[in-house]
Amino acid sequence: MSPLDDLGTFLVHAVVLEDEAASRYDELADTMEVHHNDEVAALFRQMAAYSRLHLNEATAHAAEHAGGLPDLKPWEFDWPGTESPESGQAESSHYLMTPHHALRLALAAEESAHAFYAGIASHARCEQVRKLAAEFSAEEAEHAEALKEWLTRYPKPSRAWDEDLDPPAAGD
Amino acid sequence: MNSEPQLQIQALAHKDYKSAYKPVWCAGCGDFGVLNALTKALAAMELPPEQVALIAGIGCSSRLPAYTRAYGFHGVHGRALPVATGLAVSRPELAVIATGGDGDGFSIGGNHFLHACRRNVNLTYLVMDNAVYGMTKGQASPTTEADWTGSKLAPQGTHQQPFQPLEMALAAGAPFIARAFSNAPNELAHIITEAIQFPGFAFVQVLSPCITFRPEQMHWKKRVHEGFVPTADRREAFMALMDDDGFSTGIVYRAPRECYRPDTAKAVTLAEIAAGFEVVS
Chain X
128 MSPLDDLGTF LVHAVVLEDE AASRYDELAD TMEVHHNDEV AALFRQMAAY SRLHLNEATA
188 HAAEHAGGLP DLKPWEFDWP GTESPESGQA ESSHYLMTPH HALRLALAAE ESAHAFYAGI
248 ASHARCEQVR KLAAEFSAEE AEHAEALKEW LTRYPKPSRA WDEDLDPPAA GD
Chain D
15 MNSEPQLQIQ ALAHKDYKSA YKPVWCAGCG DFGVLNALTK ALAAMELPPE QVALIAGIGC
75 SSRLPAYTRA YGFHGVHGRA LPVATGLAVS RPELAVIATG GDGDGFSIGG NHFLHACRRN
135 VNLTYLVMDN AVYGMTKGQA SPTTEADWTG SKLAPQGTHQ QPFQPLEMAL AAGAPFIARA
195 FSNAPNELAH IITEAIQFPG FAFVQVLSPC ITFRPEQMHW KKRVHEGFVP TADRREAFMA
255 LMDDDGFSTG IVYRAPRECY RPDTAKAVTL AEIAAGFEVV S
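These protein sequences, in sequence, are chains X and D. Residue numbers are given in our numbering: position 83 of the first sequence equals residue 210, and the series is strictly consecutive. Residue numbers are given in our numbering: position 273 of the second sequence equals residue 287, and the series is strictly consecutive.
Bear in mind the hints are in silico, worked out from the structure with no lab data behind them. Keep in mind it's a predicted model, so treat the numbers as computed, not measured. Heads up, a few of these hints could be off.
Lysine-lysine pairs mimicking DSSO-like chemistry, simulated, CA-CA at most 27 Å apart [said to hold, decoys possible]:
1. D:K36 to X:K200
2. X:K283 to D:K235
3. D:K32 to X:K200
4. D:K151 to D:K166
5. D:K29 to X:K200
6. D:K236 to X:K200
7. X:K275 to X:K258
8. X:K200 to D:K235
9. D:K32 to D:K235
Far from chain X, some chain D residues (derived; all Cβ distances over 10 Å) [claimed, not checked]:
10. A41
11. G89
12. I225
13. A246
14. R249
15. G260
16. S262
17. T283
Partner residues aside, some chain D positions facing chain X, computed with beta carbon under 8 Å [as the list claims (entries may be wrong)]:
18. K29
19. S33
20. C40
21. G42
22. F46
23. H88
24. K151
25. P199
26. N200
27. A203
28. H204
29. R268
Note that beta-carbon positions come from the ideal geometry of N, C-alpha and C, so glycine has one too.
Kindly generate the complete structure, drawing on both the sequences and the hints.
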C-alpha cells in the first residue's frame, strides 16, 4: 500500500506540490530580476500567481478534510523524483533565457505534475484519493495545453539567444 | 479579514527563514538548492531564527547567511571555522552553522578545517563543493580534477590530485561526515537536520554545481547516487571511502565523542584580563 492511498497524506502532497511550484517560480523571477531579464521575470511571476490560485484550491480541499493532515518532514514525502514534481528544472534556467525557454520550463513542470496525479488516479486504493487525483490530473493537463498554446506565440529563438558580448561572469 | 483558506502545516514554514534579499547567484546555481534545504531543515527542527547563527567566509556560497533571517557573520576568506568555533564555545545554546565553498574551506581555510575536525566543537560545517573558484571567475580549486582544462590559468590541467574532503575529515578526527547533492534538497535537508542535531563537529560536503564555469556539472544529476551506510566504525568508513566514486551520498561516519568545551566555570572580569597586560616597569 502506498502512503498516498491515505487521503490526508495525498492532500498534504497536493498542497506542498503547489506551494513549492509557486516558490520556485518566485525564485526564478527574483533571479531574472537580479539579472535584468524583466520580461521573463514577469512571466515567472505570473506563473507563481497561477500556482498560488491552485494552492488555494488544494488548501481548500485540505481544510475540508476532517481527519487532519499528517505533519510530514520534507524528506518523508513520496515524490517520484528528488523534488516535488511541479518544481521545474531550475538548473536549466539561464540569465538570458527567453519567454520560449521559460514556457518550456513551465510546460515540463505541468506535465510532470500531470503524470504524478495520473499515476495516483490509476493506482490508488482509496476512492476519494482516486477521484481527487483524477480531478487534479485533468487540471494539470489543461494547464499544459494552455502553455502549449501560449508557446505558439513564442517560437524557438535563434541559436544565438545566449550570446552576450559583455557577459557578467566571463572566465579568467 | 483574509478570505483565502488558511491551513497551518509545518512544510510551508521554511520560507519564513529566508530574508528579503534576493540571491545574486547565477541562474541555475546549485547553491539555491542548499539555501532551500537549509531553511527546510531549520523549519523541520522548529528552530527559531534567533537561535541559529550562520558564519561564512568569502565566495559565492559564502553569501548564504545574508539570504536567511538567522544571525549571520560574513567574515574573512577561509576563516569561517575559527569564528564559528569561538561562537559555538561562547554561546553553546546557539545552533552554529559555518557555510562556504571548496576554495574557502579546503585551500584558504584548509588548516582550520583539519583542526576543526580534530577539535570537535559542537557546530555544523556545510561546504558547497563545485570544484572551481566561481566568484573569481573560474580557476581550479583544491577539489578540481587534475585534468580539467577549462581554466586559462591551467590550460593543460593542474596535474595535482584533488583534495579528498571526506577522507581528510575522517583522518583528522571528524565524528560526523556526510555528502549530499544540492539538486536533492529534501534529502539534503534530512542530512543537514542530522548534522545540526549531532553533538559535535558535523561536516557535510554538498555537491553544488557551478553551471557558469563548470556547465558539465549539470550532468551530476545522473551520476549522484545513494551509497553510504552510516557507520560508527572508522575502518568501515575508510573502506567505504576507498570504494567511493565521488558521487555517493549519505552519512558515511557518525561516532559521537566528547566535544571540546573550554572551562567557563572560572569567570574572569575584563579588569582582571586588563591587569594581565599591564606593563610593570
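Verification of the hints:
Only pairs whose Cα atoms come within 27 Å are accepted, and K36 (chain D) paired with K200 (chain X) is accepted, the gap being roughly 26 Å. Proposed proximity of K283 (chain X) and K235 (chain D) is supported: the alpha carbons are some 26 Å apart, at most 27 Å. Between K32 (chain D) and K200 (chain X) the alpha-carbon distance is near 18 Å, which keeps this suggested pair within the 27 Å criterion. Using a Cα cut-off of 27 Å, the hinted pair K151 (chain D) and K166 (chain D) holds, with the two alpha carbons roughly 11 Å apart.
Restraint check: the Cα-Cα separation between K29 (chain D) and K200 (chain X) comes to about 15 Å, which is no more than 27 Å; the hinted pair holds. Restraint check for K236 (chain D) and K200 (chain X): satisfied, since their Cα atoms lie roughly 25 Å apart, inside the 27 Å limit. Restraint check: the Cα-Cα separation between K275 (chain X) and K258 (chain X) comes to about 26 Å, which is no more than 27 Å; the hinted pair holds. Taking the CA atoms of K200 (chain X) and K235 (chain D), the gap is about 23 Å. The hint holds against a cut of 27 Å.
For the hint pairing K32 (chain D) with K235 (chain D), the CA-to-CA distance comes to about 26 Å; that is within 27 Å, so the pair holds. For A41 (chain D), the requirement that its beta carbon stay farther than 10 Å from each beta carbon of chain X is not met, with the minimum near 4 Å. Every C-beta of chain X lies more than 10 Å from that of G89 (chain D), the closest at about 24 Å, which supports listing it as non-interface. With 10 Å as the threshold on Cβ separation, the claim that I225 (chain D) sits away from chain X is violated: the shortest Cβ distance comes to roughly 6 Å.
Consistency note on A246 (chain D): stated as away from chain X, and its beta-carbon is indeed over 10 Å from all of that chain's, at 22 Å minimum. Distance check for R249 (chain D) against chain X: the nearest CB is about 29 Å away, which clears 10 Å, and the non-interface claim stands. Interface exclusion of G260 (chain D) from chain X stands, the closest Cβ pair being 18 Å apart, more than 10 Å. In this structure S262 (chain D) is separated from chain X by more than 10 Å, as the shortest Cβ-Cβ distance comes to about 15 Å.
At roughly 46 Å, the least C-beta separation between T283 (chain D) and chain X is larger than 10 Å, which holds for a residue marked as non-interface. Residue-level restraint check for K29 (chain D) holds (minimum Cβ-Cβ distance to chain X is 7 Å; threshold 8 Å). Because the closest C-beta pair between S33 (chain D) and chain X is about 12 Å apart, greater than 8 Å, the hint is violated. Because the closest C-beta pair between C40 (chain D) and chain X is about 6 Å apart, less than 8 Å, the hint holds.
The restraint placing G42 (chain D) at the interface with chain X holds, with a minimum CB-CB distance near 5 Å, inside the 8 Å limit. The criterion of a C-beta within 8 Å of any C-beta in chain X is met by F46 (chain D), whose closest approach is roughly 6 Å, and the hint holds. This hint is violated: H88 (chain D) has a C-beta 18 Å from the nearest C-beta of chain X, more than the 8 Å allowed. Interface restraint check: K151 (chain D) against chain X, minimum CB-CB distance 5 Å, threshold 8 Å, status holds.
With its C-beta approaching chain X no nearer than about 6 Å, P199 (chain D) sits inside the 8 Å limit, and its interface hint holds. A hinted interface residue such as N200 (chain D) counts as satisfied when its beta carbon comes closer than 8 Å to some beta carbon of chain X; here the least separation is about 4 Å, so the hint holds. With its C-beta approaching chain X no nearer than about 5 Å, A203 (chain D) sits inside the 8 Å limit, and its interface hint holds. For H204 (chain D), the suggested interface contact is upheld, since its CB lies about 4 Å from the closest CB of chain X, less than 8 Å.
With its C-beta approaching chain X no nearer than about 17 Å, R268 (chain D) sits outside the 8 Å limit, and its interface hint is violated.
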